[in-house]
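Student: Taking the hints as your guide, dock the two standalone chains into a single complex.
Listed here are the chains, written in short residue letters.
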Amino acid sequence: MLYDFNLLTNIDKKYDICIVGSGPAGITLALNLANSGKTVLLLEGGGLEYSSDSQSLYECESTGHEAWPKHTRLRYFGGTSNHWSGRCRPFEASDFSQRQLNSLPGWPISYSEIAPFLPGAMEILDLDVSRGFQAINGDLPGNHFDPDAFAKSPPTRFKSKYIDQITESKNIDCFYNATALDIRLDNTHQIVNHIEIANQRSQTISAKAGTFILCLGGIETPRFLLNCNKQISAGIGNTSNMVGRCFMEHLNVPMGSFLYEDPKEFSKLQFFTNDRFCESSNIGKSNVTMSIVNSVKSYGRTKAIKTFFKSLACQMQIEDKVQFISDFNCPGMGTIGTLIEQAPNLKSRITLSEKKDIYGLKKANLDWQISEYDRRTIRQIGLSMAKDFSKSGLGKIRLADFMLDTNLDIKYGHHAHHMGTTRMAEDANYGVVDRNLKVHDLGNLYIAGSSVFSTGGACNPTMPIIQLCLRLTDHLTRL
Amino acid sequence: MSETVTRRTILTAFCLASLPIQGATKEIKLPNRNTEFLDNVLPIDNEFIAVDGWVIPASNLVKRVK
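Order-wise, the sequence lines are chains A and B.
Sequence positions in the first sequence follow numbering that gives the first Met the number 0 and run 0 to 478.
Sequence positions in the second sequence follow numbering that gives the first Met the number 0 and run 0 to 65.
Hints are computed from structural coordinates only; laboratory data are not their basis.
Just so you know, these numbers come straight off a predicted model, no measurement behind them.
Do not rely on the hints blindly, as some may be mistaken.
List time: in silico SDA-like cross-link candidates among lysine to any residue, alpha-carbon distance up to 20 Å [to be verified]:
id: 1; chain 1: A; residue 1: Lys395; chain 2: B; residue 2: Trp53
id: 2; chain 1: A; residue 1: Lys390; chain 2: B; residue 2: Ile9
id: 3; chain 1: A; residue 1: Lys395; chain 2: B; residue 2: Asp44
id: 4; chain 1: A; residue 1: Lys410; chain 2: B; residue 2: Gly52
id: 5; chain 1: A; residue 1: Lys320; chain 2: B; residue 2: Gly52
id: 6; chain 1: A; residue 1: Lys390; chain 2: B; residue 2: Pro42
Chain A regions said to be covered by chain B (calculated; three or more residues, Cβ under 8 Å) [said to hold, decoys possible]:
id: 7; region: 373–387
id: 8; region: 392–401
Note that beta-carbon positions come from the ideal geometry of N, C-alpha and C, so glycine has one too.
Next comes chain B alone, as it looks inside the complex (with noise of 0.2 Å):
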């Protein structure tokens, strides 16, 4: 072995060459925002949600939504 191929430039080699693979094998999804977003609102009453515990106006959301 080279004494300028080091076990770091085996490493990264590896590791870039393994991308493609996993771009190929694993389904890419793009994060859709309102919906993580809304997974974490919780009606509390017709005034008040919770949004992520946060307890805040429902109007806020409207207002966000908007």
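Just chain A, with the same shape it has in the complex (with noise of 0.2 Å):
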């Protein structure tokens, strides 16, 4: 069933599994956990519609490089998969190597024990399984790059096609509008006892289940356990001081532009680091794609204006002097993006602001960092792409002056993949989930989402998100 929290004044019902957030980890869950016979409280912050109000909740503080935090989730039911773009690629068993990056261990878990969960994710984000993930253009010489597989979801909005499945579901109770203020543990501080909500009237109550999970994000997870400092000053689950530590995006770097032979052969094309590359070079992963700009976009509430002064801007050729006020590329322009796999980095984190939210939570900060390892990694990746394309006879790579001078900063954008802020790890002292999402020290708190991921590859992480959720309800109902 599906409430609005505003009109409640109490849960008198303990539940098997309360689930904290209701984007496409915590529908996934309340859905496969509640058709396995669990009884399962779904909480929702948000409401069913997007609110200004609601949204100006994901406003944070922000002392290293922007990432845009309160723009690239969605605070209401259905969570950022209102938006997202639907772009899958599946982790690969290299993914999964046992390697150290920045002193860091990588994921405790091997390819195997998520594969079989693959074909699942899939039908929940309506792929193709038997079309799998295929690419849209052929090789290139050089040895270091493969076309990159991938497949398009419609994309699946979470709200829209799960909405009714809950709404019927005798297991599920649902409640939106009602933001979780704080966990409380027993008196051992070993076992959560229940999870405090609130609702837009400020009226406060005890949600109690067997099993908690949390499923709100890479920045609103950290920020939550930070804030539930009653009981434990650090926060729960932050014995090693690892929550909020090594926040990862995917690196988007403007690299440079292309001239290409023939137009006609193509207007995309798609390249993806291949292991050997990679290991030989000690990089991280990395999609390449490059695309011939058809026409001038611009985004906004001032969209016609804007595009009307950049097309003006590039039929007098002039774009080069103009692109200080706004960055944009001309039709005919060869651009590269990238989404550049960033390693696991102690120094790039998420803290607790000292402002507070009309909850009395603090706000989070949010400090993102690249290290020395994700420059190599961008340099190479572009030198190598640089040399490779002119080798294939398609065209020619002009590299932005920041990739061939190491003293100048390089510049990135982000992918709205927000990782690692909880990352597992066998060991305690590296991580804050163990192999199963379960937080160590606690026996009954579990987290699922990229913050979870140990290092976050260079694929989009919802398909992953979801094989993982699948995996968790898969070792909770053995349990």
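Tutor: Put into structure tokens, the structure is as follows:
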């Protein structure tokens, strides 16, 4: 059933499972656990539709590189699936190899432990399992890159696809407008007793369950754990001071531009670093997308005016002179985008700001940093792609000055993929959750979502998130 | 001032008059095209160079020099 928590004054039932967050992870877990016979309480802090009041609770401080955390997430039923692009590419076996990055261990599980859940995840994301993942172009010479094989979800909007199933499920009670405020532990501090939740009228109620799962995403999950500091001053699950550390994104680097010999041959090429190249060069993975620009694009409320002036600048061939005002590409240009793996890095982290939201919870402070490993990855991938593209005869690449001059700062953007802040590690000194996604030192608190990624690979995170949720469902139903 | 002597005439005369002065005080350097070109060349490895950021086979440069 589906309830507006603003209209309720009490929850008198104790559930088998309490899930906090109704994004792709929360909804997948709720439906699958309910289907296995568990009673589920699903909590969503936002409403059923977007509202600026709810969204404003995602405001963060930022002391590092800007990652736009308010705009890249959505705080209402269905979460960020309400605006994701749908691109899917699975993790590979090499993502789970026992490699150390920045002195931190990688995944403690093997690829074979999540691979069985790939078909199930593909079905949830409306992908054709028999078709699999396909490349749109051929190979490059040089043996550094393979054609990137991926699939496109419609994209699946979890709210519209699953709201009826959740409403009709006898095993699920879903409360929206229910903001989680605190996790309360028992006297031993090893078991979660209940979670305190508040509605928009600031009425606070306890939600009781046997098992609790946080599905709040890569920024809110650590923020919530750090805010739960009434019983343990460092926050819940933070014994090793790892909650919030190792914030990772996928790096979108404007590496440069390219000229093509024959524009009829392609409008877009997508490549992916192969394992041999990454291992021999000791660098991260990456997708490299080369696109020919068809028209000037702009976004926002003054889109028409901005598009007009940008088009005019292109016609007058003065784009170089006005690009300091607004970055844009002219029709006919070939642009290069990337989705580069960022290595886990203790200095890239989420902490609590001194500012508080309307519920009295401290806001997150995001200090996004890249490491020397990431800089080497970026430059090595750019150089190799430029050389291989030249060898292919397809055209030639002009690299941005920061790609060739190591004294210059690298320009990079984000992909709205927030990962690693409650990372999985066998040893509690290097992570927050164990191989079963259970918070170290706590008996009944689990975390699902991209915050548990030990390393981020270079694939879009939604599908691996779903795979890990199906694996967690499997684990919890066996207990 | 005569009606035919406009502001533009005065400015033009001033500019023309200042040209020889500039020529006398400033050493005129003829651009050395090869030097400027080589300033923008960055060797990448045995096979490739970057010219003004364009990554091209080093053999292209050899052909050009020849």
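Student: None of the hints should be skipped; say for each whether it holds.
Tutor: Hints, verified against the model:
1. For the given pair, Lys395 of chain A sits about 7 Å from Trp53 of chain B by alpha-carbon distance, which is consistent with the 20 Å threshold.
2. For the given pair, Lys390 of chain A sits about 60 Å from Ile9 of chain B by alpha-carbon distance, which is inconsistent with the 20 Å threshold.
3. Annotation: proposed proximity of Lys395 of chain A to Asp44 of chain B holds, straight-line Cα distance about 16 Å (limit 20 Å).
4. Note on Lys410 of chain A and Gly52 of chain B: the hinted pairing holds, with a Cα-Cα distance of about 16 Å set against a maximum of 20 Å.
5. Our distance criterion of 20 Å between C-alpha atoms is met by Lys320 of chain A and Gly52 of chain B, whose separation comes to about 18 Å.
6. Between Lys390 of chain A and Pro42 of chain B, the direct Cα distance comes to roughly 17 Å. Compliance with the 20 Å bound is thereby established for this hinted pair.
7. Coverage of a stretch by a chain is defined here by at least three residues with a beta carbon nearer than 8 Å to that chain's beta carbons; for the region 373–387 of chain A and chain B the count is 3, and the condition holds.
8. Coverage of the region 392–401 of chain A by chain B holds in this model, with 6 residues showing a Cβ closer than 8 Å to a Cβ of that chain against a need of three.
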